[in-house]
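Modelling step: build the complete structure from the supplied sequences, incorporating the hints.
Taken in sequence, the protein lines are chains A and B.
Just so we're aligned, residue 2 is where the first sequence starts under the working numbering, counting upward by one.
Just so we're aligned, residue 2 is where the second sequence starts under the working numbering, counting upward by one.
Rather than coming from a laboratory, the hints here were simulated on the basis of the structure.
Listed next, the in silico DSBU-like pairs over lysine-lysine satisfying Cα-Cα at most 30 Å (straight line):
#1 B/K30 / A/K59
#2 B/K121 / A/K30
#3 A/K59 / B/K121
#4 A/K59 / A/K105
#5 B/K59 / A/K117
#6 B/K105 / A/K30
#7 A/K59 / B/K117
#8 B/K30 / B/K121
#9 B/K105 / B/K117
#10 B/K59 / B/K105
#11 B/K30 / B/K59
#12 A/K30 / A/K117
#13 A/K121 / B/K59
#14 B/K117 / A/K105
#15 A/K105 / B/K30
#16 A/K121 / A/K30
#17 A/K117 / B/K105
#18 B/K30 / B/K105
#19 A/K30 / B/K30
#20 B/K30 / A/K121
#21 B/K30 / B/K117
#22 B/K30 / A/K117
#23 A/K30 / A/K105
#24 A/K30 / B/K117
#25 A/K30 / A/K59
For clarity, every value in this text was computed on a predicted model and none was experimentally measured.
Here's the letter readout for the chains.
Protein chains: 2
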Amino acid sequence: MANTVQAKQADISITSCSYSRVLEIISNKWSGLVLYALADGTLRYGEVRRRIEGISQKMLTQTLRQLERDGLVGRDVTPSVPPIVDYSLTPLGDTLINTMTHLKLWTAEYYPHVEKAREKYDRDNGESGL
Amino acid sequence: MANTVQAKQADISITSCSYSRVLEIISNKWSGLVLYALADGTLRYGEVRRRIEGISQKMLTQTLRQLERDGLVGRDVTPSVPPIVDYSLTPLGDTLINTMTHLKLWTAEYYPHVEKAREKYDRDNGESGL
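This is the structure:
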């Protein structure tokens, strides 16, 4: 019994650490959107930018560099004049997008239920609810 | 062709909105950990607190209330003296934990690859890399 409790506590600590780590990667909205944009295939810089509403050049450059550093996005330079720079998901990035697709489907299916629950909670608890 | 491009752009906008929404819920580290803690079954307040290293009473109360408002966690009060308060995942919370489990498994399997990629990137790009 004591062992079971200890094992569970250890598991939560590991979870805590893992969860912080995966959040590091996906909790940035722009990172998520760039990964989704590249899910359909290779894109040039300007194409990525056009597909993501509201992203600034600075933010896109920073996000792509971060994702390249994480090994999730590959950058391929063709040495023409001017050079052509293509971005695509790496095999590691592909594994993450599969997981993120689950999140996306969950949101599409269940977010309306969350909104309904919030309305009900606020109705039942008044302004002092939260 | 023009229609395809428009459809894709619209899809990215929808994604942007959905992604922000699901992040609202899961990007809080404590919300994630409370959901994981309740994944094994109903727990009393003190039990939840003992299972999550480093969470303060104030933060736990706030997190549980937020998750209750989102319809993800149910609160059941037994009117004894003192009252017994149990927390558990709602059916909606169960659907989210399934999705979050994918994220957890991804992190366990692939996070070491992200760390290796970062080391390589920093070696190749020096300090000016990011």
